[in-house]
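On the provided structure of chain G, position chain W as indicated by the hints.
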Amino acid sequence: MVAFLALALAVVLTDDAEVMRAGLSAMNALTVYALVPMALFALVMAISQSLVSPWGLFRHWWVVVKLLVTLPAVLVLLQYTSTMASITKMAAGEPSAAALRSLAMSPVLHAGVALLVLLLATTLSVYKPRGLTPYGWRKEEERRLARQRR
Amino acid sequence: MVDRGPAPHSSETTNQLQPRPRPPTPRWVVVLGLIAVALLVLFVVSRLAGMEHGPGLHSSLRDAASGALLAVAAVV
Numbered sequence: 055m056v057a058f059l060a061l062a063l064a065v066v067l068t069d070d071a072e073v074m075r076a077g078l079s080a081m082n083a084l085t086v087y088a089l090v091p092m093a094l095f096a097l098v099m100a101i102s103q104s105l106v107s108p109w110g111l112f113r114h115w116w117v118v119v120k121l122l123v124t125l126p127a128v129l130v131l132l133q134y135t136s137t138m139a140s141i142t143k144m145a146a147g148e149p150s151a152a153a154l155r156s157l158a159m160s161p162v163l164h165a166g167v168a169l170l171v172l173l174l175a176t177t178l179s180v181y182k183p184r185g186l187t188p189y190g191w192r193k194e195e196e197r198r199l200a201r202q203r204r
Numbered sequence: 012m013v014d015r016g017p018a019p020h021s022s023e024t025t026n027q028l029q030p031r032p033r034p035p036t037p038r039w040v041v042v043l044g045l046i047a048v049a050l051l052v053l054f055v056v057s058r059l060a061g062m063e064h065g066p067g068l069h070s071s072l073r074d075a076a077s078g079a080l081l082a083v084a085a086v087v
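Going down the list, the sequences are from chains G and W. The working numbering runs 54 ahead of the 1-based position in the first sequence. The working numbering runs 11 ahead of the 1-based position in the second sequence.
Okay, chain W solo, but in the shape it has when bound:
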């Protein structure tokens, strides 16, 4: 009786048939998700603070922004 030893690559074959653990979520997905959550929180806070989202929302920024745009246009 010849001892043939263990079947070649049997442990490797067994390992290949096992499901592999899932790699972690990519960092770029986590970063974009955090940014989205932050924007959502800002939006919810603004709604809770009673800010109506309409053409009047940006009234406090309008004058500053339009002034900046006009200044840039004057320089150009």
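Pulled out of the complex, with its shape left as it was, chain G reads as follows:
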């Protein structure tokens, strides 16, 4: 994602139309061959690890919020592959640097927002703020009462 944002900024900040077209093409390839597979892999690993670990998938608010933030981000990324392909196709027929620069603003904005989402997910994973969901509280109480009755 950082590489994608760096390429997008490079496209916006240069005046060379050929460099812009190459940058947009590279961003398209990066999206399809790196971002999408890694995002899907990370999502599957996160869900499976949650199910195996004591944290669970729905017991703690930080896990639920992280899932609610990550899942739409992955869906938007999947949808954005077609947008990125359209941008690359439009860039191929576009001669002027100004028009190419304006095409690159969408990837810059989306990459910026994606980085913010990643930052939020990472912060949640590191700090793990306290808070049990209603389901998690119910499970904890069941466990506590079962221990008390022994």
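These are computed hints drawn from the structure, not numbers from a lab. Source: prediction; values computed, not measured. Hints may contain errors.
What the hints assert, rightly or not - Beyond 12 angstroms from chain W on every Cβ pair, some chain G residues (computed):
| # | residue |
| --- | --- |
| 1 | LEU84 |
| 2 | TYR87 |
| 3 | ALA88 |
| 4 | LEU174 |
Claimed, not checked - Simulated restraints, written as ranges between beta carbons of each label pair:
| # | chain 1 | residue 1 | chain 2 | residue 2 | range |
| --- | --- | --- | --- | --- | --- |
| 5 | G | VAL98 | W | GLY44 | 46 to 56 angstroms |
| 6 | W | PRO34 | G | GLN202 | 13 to 23 angstroms |
| 7 | G | LEU84 | W | ARG31 | 48 to 58 angstroms |
| 8 | G | ALA88 | W | ARG31 | 47 to 57 angstroms |
Note that beta-carbon positions come from the ideal geometry of N, C-alpha and C, so glycine has one too.
Below, chain W alone, put in the same frame as chain G:
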């Protein structure tokens, strides 16, 4: 007959066997939820206003944003 009195800690034992009330939802969850709802409302309003979400969506912001980026790059 010896009055042994109430069983020790019987009220505490009874209380420990009662389910405890659930604590309130943490404030950080409420704040993040409100932010998410606000963003969702903005998105729905933009769709209802007929704004197509594609590369052309940001056309009104493009020139301003790219101009700002170029100005920053010139200064640096």
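These are the hints, each one checked on the structure:
no.	hint	result
1	LEU84	holds, 17 angstroms
2	TYR87	holds, 21 angstroms
3	ALA88	holds, 21 angstroms
4	LEU174	violated, 8 angstroms
5	VAL98(G) to GLY44(W): 46 to 56 angstroms	violated, 26 angstroms
6	PRO34(W) to GLN202(G): 13 to 23 angstroms	holds, 19 angstroms
7	LEU84(G) to ARG31(W): 48 to 58 angstroms	holds, 51 angstroms
8	ALA88(G) to ARG31(W): 47 to 57 angstroms	holds, 48 angstroms
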